[in-house]
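Residue numbers (numbering that gives the first Met the number 0), protein chains in the order written: chain A, 0 to 260; chain B, 0 to 260.
These are calculated hints, taken from the structure and not from any lab test. Since the model is a prediction, treat every value here as computed from it, not as a measurement. Mixed in with the good hints, there may be bad ones.
[As the list claims (entries may be wrong)] Just so you have them, the derived chain A footprint on chain B, three or more residues with Cβ under 8 Å: (1) 106-118; (2) 217-225.
[Unchecked claim] In silico DSSO-like cross-links for lysine-lysine, where the CA-CA straight-line distance does not exceed 27 Å: (3) K229/B to K104/A; (4) K104/B to K96/A; (5) K58/B to K229/A; (6) K229/B to K85/A; (7) K229/B to K58/A.
[Unchecked claim] One side only, chain B facing chain A, incomplete, derived with CB under 10 Å: (8) D27; (9) L35; (10) S80.
By construction, the Cβ of each residue, glycine as well, lies at the ideal position given by its N, Cα and C atoms.
There are 2 protein chains.
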Amino acid sequence: MSIRYLTARLAQQIDEELMSTAGAFSLDQLMELAGLACAQAVATVYPLSKNNSGTSNEKVLVCCGPGNQGGDGLVAARHLSMFGYKPTVFMPKAGSKEIYQRLQKQTENLSIPSLTTVSQLQDGLKDTDLILDAIFGFSFSGPVRPPFDEVLTLISKSKLPVVSVDIPSGWDVEQGPVQREVANTDGKKVEEVLMPDVLISLTAPKAGVRGYKGRHFLGGRFVPWSMQEKYELNLPQYQGFDQIVELPRAERNDNEQSQKL
Amino acid sequence: MSIRYLTARLAQQIDEELMSTAGAFSLDQLMELAGLACAQAVATVYPLSKNNSGTSNEKVLVCCGPGNQGGDGLVAARHLSMFGYKPTVFMPKAGSKEIYQRLQKQTENLSIPSLTTVSQLQDGLKDTDLILDAIFGFSFSGPVRPPFDEVLTLISKSKLPVVSVDIPSGWDVEQGPVQREVANTDGKKVEEVLMPDVLISLTAPKAGVRGYKGRHFLGGRFVPWSMQEKYELNLPQYQGFDQIVELPRAERNDNEQSQKL
Numbered sequence: 000m001s002i003r004y005l006t007a008r009l010a011q012q013i014d015e016e017l018m019s020t021a022g023a024f025s026l027d028q029l030m031e032l033a034g035l036a037c038a039q040a041v042a043t044v045y046p047l048s049k050n051n052s053g054t055s056n057e058k059v060l061v062c063c064g065p066g067n068q069g070g071d072g073l074v075a076a077r078h079l080s081m082f083g084y085k086p087t088v089f090m091p092k093a094g095s096k097e098i099y100q101r102l103q104k105q106t107e108n109l110s111i112p113s114l115t116t117v118s119q120l121q122d123g124l125k126d127t128d129l130i131l132d133a134i135f136g137f138s139f140s141g142p143v144r145p146p147f148d149e150v151l152t153l154i155s156k157s158k159l160p161v162v163s164v165d166i167p168s169g170w171d172v173e174q175g176p177v178q179r180e181v182a183n184t185d186g187k188k189v190e191e192v193l194m195p196d197v198l199i200s201l202t203a204p205k206a207g208v209r210g211y212k213g214r215h216f217l218g219g220r221f222v223p224w225s226m227q228e229k230y231e232l233n234l235p236q237y238q239g240f241d242q243i244v245e246l247p248r249a250e251r252n253d254n255e256q257s258q259k260l
Numbered sequence: 000m001s002i003r004y005l006t007a008r009l010a011q012q013i014d015e016e017l018m019s020t021a022g023a024f025s026l027d028q029l030m031e032l033a034g035l036a037c038a039q040a041v042a043t044v045y046p047l048s049k050n051n052s053g054t055s056n057e058k059v060l061v062c063c064g065p066g067n068q069g070g071d072g073l074v075a076a077r078h079l080s081m082f083g084y085k086p087t088v089f090m091p092k093a094g095s096k097e098i099y100q101r102l103q104k105q106t107e108n109l110s111i112p113s114l115t116t117v118s119q120l121q122d123g124l125k126d127t128d129l130i131l132d133a134i135f136g137f138s139f140s141g142p143v144r145p146p147f148d149e150v151l152t153l154i155s156k157s158k159l160p161v162v163s164v165d166i167p168s169g170w171d172v173e174q175g176p177v178q179r180e181v182a183n184t185d186g187k188k189v190e191e192v193l194m195p196d197v198l199i200s201l202t203a204p205k206a207g208v209r210g211y212k213g214r215h216f217l218g219g220r221f222v223p224w225s226m227q228e229k230y231e232l233n234l235p236q237y238q239g240f241d242q243i244v245e246l247p248r249a250e251r252n253d254n255e256q257s258q259k260l
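Work out the full structure: start from the sequences and follow the hints.
Laid out in structure tokens, this is it:
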């Protein structure tokens, strides 16, 4: 049985059920485990390694949106710091929920620098090894509004390695990559889409990433067996006590393969 | 610099600081990471392995006290279930805080059996491979009150492998093993002390476990660098993105070695 790719609506439903009285999870719990999984995916693909010019992969620019995805990013930034990385948080719009203030305070307590303006982001992009994209999650629906339109363009243009959380920012949750028309330096209009090198899906992958070609991990090892069955998620088996599992290529290209047949 | 063994008072102070407005952690967050570390310590020392008679190490009886330590146990039981173990929770006194009800509900959602009476515990001990002792933590001060006196005796007499969380239950947090006088089957008084095979200290080890001889892990990879320095914790380096680290024998026997010199 192949893994199930969720519609935006089903992803929302599972999320709500987990945090309902019946599911009994708190946002704090789920975000902690999700953010930890994101940090572990980064550390798996881009391990720290010392060399003559310093430590490679050390600097991670964690770009956070204003919703729960941004919260996952803040948690990931904290764990990356604990793992020995040097994360920087870029969060142009502070989340409104009280939890974001606590999560931000936790990153401050680790002396993780925080950027808020696009101009700071431009400087930040010149001084990072990779990017963790925690801008938009499964509740995103376009179009991309300012300042995030400019943010996505800057990230794409940076040519830096990008790890996206759950859904690459700007993609449609169900339809996948969406070309956005942006002006290049000459003022000409060009089509652009953020194409991450690594993706970490949370709970279960979303329909929009079915054709995704990069390395693809799954995190969020907390979905009760009964919910996995009820929604026929067919999640792959995590190994040992791992919090992430890499999805095999066959799973990733389900759609393509069936189109070829 | 050797790792610091905490007094009960300092352990309390660090815990409060982490959850203060300044530390900004929620109990949900810390308990989630602590419980995950406990489950990982169990899975490290007692990995699941299939053999002719079934799967060894599969059944884990998680004994939970009424305080935060019991909460760590409930989280550990949940993660153990996600790892493929078959945990059972024994919790004779339900914790009063709202969080315990949520954590218990989460274990119910995974169909983890729950025992509450000493008689059920006696049956449970006959049908388990190992025990996770999450009864008393760093805020314990003796004597051991009913029903936990009987519970500790039953656990000791079971001769099953025991993994203790933070401080072996019944031990003095600072002084270590405390012999308790109990009646054996003949009615004779004998001295007894719970001696776990594995210990997982959380945040930092407590003074009472300094002479502990079994395998000793540290978990709780969330203490900010500034707090580690302020309290001169000298924590060992966790590897990669591990959530636990095993303490070397040299660290464990600090006290003994200095006595021998």
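Quick rundown of the hints versus the structure:
no. : hint             : verdict
1   : 106-118          : holds (count 3)
2   : 217-225          : holds (count 5)
3   : K229/B to K104/A : 18 Å, holds
4   : K104/B to K96/A  : 25 Å, holds
5   : K58/B to K229/A  : 26 Å, holds
6   : K229/B to K85/A  : 21 Å, holds
7   : K229/B to K58/A  : 26 Å, holds
8   : D27              : 4 Å, holds
9   : L35              : 8 Å, holds
10  : S80              : 8 Å, holds
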